[in-house]
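Enquirer: In case you want the letters, here they are:
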Amino acid sequence: MTITHTYDAVIVGAGGAGLRAAIEASGRVKTAVISKLYPTRSHTGAAQGGVCAALGNVEEDSPEWHTFDTVKGGDYLVDQPAAQILCEEAVDSIYELERWGLPFNRTPDGLIDQRRFGGHTANHGERPVRRACYAADRTGHMILQTLYQQCVKRDVRFFNEFYCLDLLTTDDGRTAGVVAYELATGELHVFRANAVLFATGGYGRMFRVSSNAHALTGDGLSVVWRRGLPLEDMEFFQFHPTGLYRLGVLLSEGARGEGAVLRNRDGERFMERYAPTIKDLAPRDVVSRAIYQEIKEGRGIGPRGDGVYLDLTHLDPAILEQKLPDITEFARVYLQVEPKEEPVPIQPTAHYAMGGIPTDVHARVVTGPDERIVPGLYAAGECACVSVHGANRLGTNSLLDIVVFGRRGGQDMAAHAAEADLPDVPADATSRTRELLDRILARRDGDNVADIRAELQDAMFDLAFVVRSEESLAKMGEILDGLHDRYERIAIGDHGRIYNTDLMEAVELRFLLDCATALVAAASGRDESRGAHYREDHPLRDDANWMEHSLAYLEPDGSVRLETKPVKTGPYIPMERKY
Amino acid sequence: MAAPISAADVLNTSDERRVGAGHLTSLTLRIRRYDPERSADPWWDEFAIKTDPYERLVEALHEVKWHHDGTLTFRRSCAHGICGSDAMVINGRNALACKVLVKDVAPTVTIEPIRGLPVLKDLIVDMEPFFDGYRSVLPFLVNDDPEPERERVQSPEDRARYDDTTKCILCAACTTSCPIFWADGSYVGPAAIVNAHRFIFDSRDRAPRERLGILSERSGVFRCRTTFNCTEACPRGIEVTKAIQEVKRAVLFDRP
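Protein chains in written order, with our numbering: chain A, 1 to 579; chain B, 1 to 256.
Hints are computed from structural coordinates only; laboratory data are not their basis.
Hints should not be assumed to be uniformly reliable.
As the list claims (entries may be wrong) - Per label pair, the in silico range of CB-to-CB distance:
id, chain 1, residue 1, chain 2, residue 2, range
1, A, Gly298, B, Phe228, 44 to 54 Å
2, A, Arg432, B, Ser39, 52 to 62 Å
3, B, Arg30, A, Asp447, 22 to 32 Å
By construction, the Cβ of each residue, glycine as well, lies at the ideal position given by its N, Cα and C atoms.
Sequences are here, hints too, so could you generate the full structure?
Expert: Okay, structure coming up:
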């Protein structure tokens, strides 16, 4: 049985971007939010250190400096008009969150306090600047809670624990709705809508060591990719320098903002050699590569020599207790290390996708090098690529992205939905989804989903992580072909209808395999090094050939076709990236 | 330059703190099961696995689900104590499975769903009654004063007044550890009061009296019998009972 719902606007995902969009859309048109998790479980809540805006509360700052840092941090792959919007609208977005009750830490005068963060500088790189507004080291938690509170206040309609498995379009390419699987019952639902916004987050679970939640499997990206739309800049995936050793749990860059430093096994503060001006506060791609280099040259720590230390021992214990309490506890609980007395073992961890579903600055999904608008389709947050993060996102700019472009997307989709007529959905709207689920459920013996996923995660970590090469990516491509073949023969243990998380994990594995396939193809295509994409066989940036975004399309035979589109330039001319 | 720190200092000297050293321990998981599609009654299953002693219990549950019994069903997402999905009764006490290490419960651990909410399948309970309680206390800032152009000013002292209760992740570990809540589901429960506290004591909020009114009702704060189960259960270290006491006092004096 299929249950059909009709809304003007449907938002898929209830993290920061989805909730921010819902706040806009729900006041204007009939809106539903579909989420595979309860909204407050979304991974926005795991963000720690802060959200940047040039408020200038503790020292001089300007949105223009913030824009420059964002463009340079993104290794000039950033679309500069979008970055300008991000950094200018940042200021009002923060005030808005504060007025909704977000409990920011305060200066002695009662203003929003601000601290330093990687790559954020005064006057175009002169020195680190205090730009990150924060609520201890649970800024993302407070943003998620505050946005959810505002949705409760507005009585937003949520469909919790519904998995979006397909996008519906008309023959002439208009968005008509989505198909969702209700976890509690196993029923398929068709949500008809004039406008759909994807805010499904990232896909960091394709790597063995990851800061990402189990739920981050690239659902929205795979769904639109399988409907013929491109994914942009998938080769750019951020590896955060400081994941808890072996576990990958995030230790905020806010720690280094408060004065923590990285040390190798000799106790040396090695970032002084790699980034003489801003040292440990260099952007994440620079720091992760520096750690990789230390490890490669035998100065790593741990049983396998594959980590380094984050040293907080010299900080005032009050800073740990008041400004970094959560990460202090993570070190104690998960590694039995006392950060007040001992350095914390860390290693780079898969963290954030810069690439995603291509959009314009109104969060409208666009396709092709000429950026044709897909009517009624929107994307915002980590699953989208505006592109404000370019080749490497600056810390805190993800939280900014979700509030700025979540708001823009919510406004635009509401306007679109109010004007458009409700498109028809095909009579067999659920057939593709039903076929996918039935195929998985039909088999009693076959390959194990968890084994395939573990092999994907291990191989991606070894072959497509901080350092890549033509050879490693070719090998990864072969491994992916094998994993796709095995996926066709998977069998699961749970064949029931209610709360079949086994079935949903199997579907999520396909999403992950799709995202990995796009990532590896785009990474193979880009024969230069830029931002987070480092090719040891092409170690230099190549501005003559590669001031281009990549677009990856899924072909009917399962192969990937690549296109490019030019970066939208602006006042900042690419120059050598030194910190 | 700081004195050299050898790798041995932090990671390798004692077994107590070896991370990813590769040796495995035996763990038996006794899990209370329920699946209305299979049986009207709950039952117990036991699974014996090998796992890293420093691994999180939620990953031991994954090992069971992924390699022993795919029907075992539980909620989880972030796996490091932030999202609040995996509250369970672990050896008789409420905790998040991702904040319990295997070494602290081996060789045998008993796992049950949290109590006082209808069990739907295995460790999954119906969270709607819990969120109904949360929604009933006006869990959002109320302030219709003219909006300032910049932020509202709040002193660090005023900000500190409600800091503890902003940590809540709505995991329900506190509410489902409360004997009053088990006996009477109409009690809003500790988590709802914590979230009311977060606004009642926020100097920017203008609706503390409305919330105090809601919490002075029969379903409200005076059902609390100060057993401290909630404080012990909170994975975020919130002093839940203290917050409830502060709300009780505010109700009695009709002001925060």
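Enquirer: Hint by hint, which ones does the structure fall short of?
Expert: Number 2 only.
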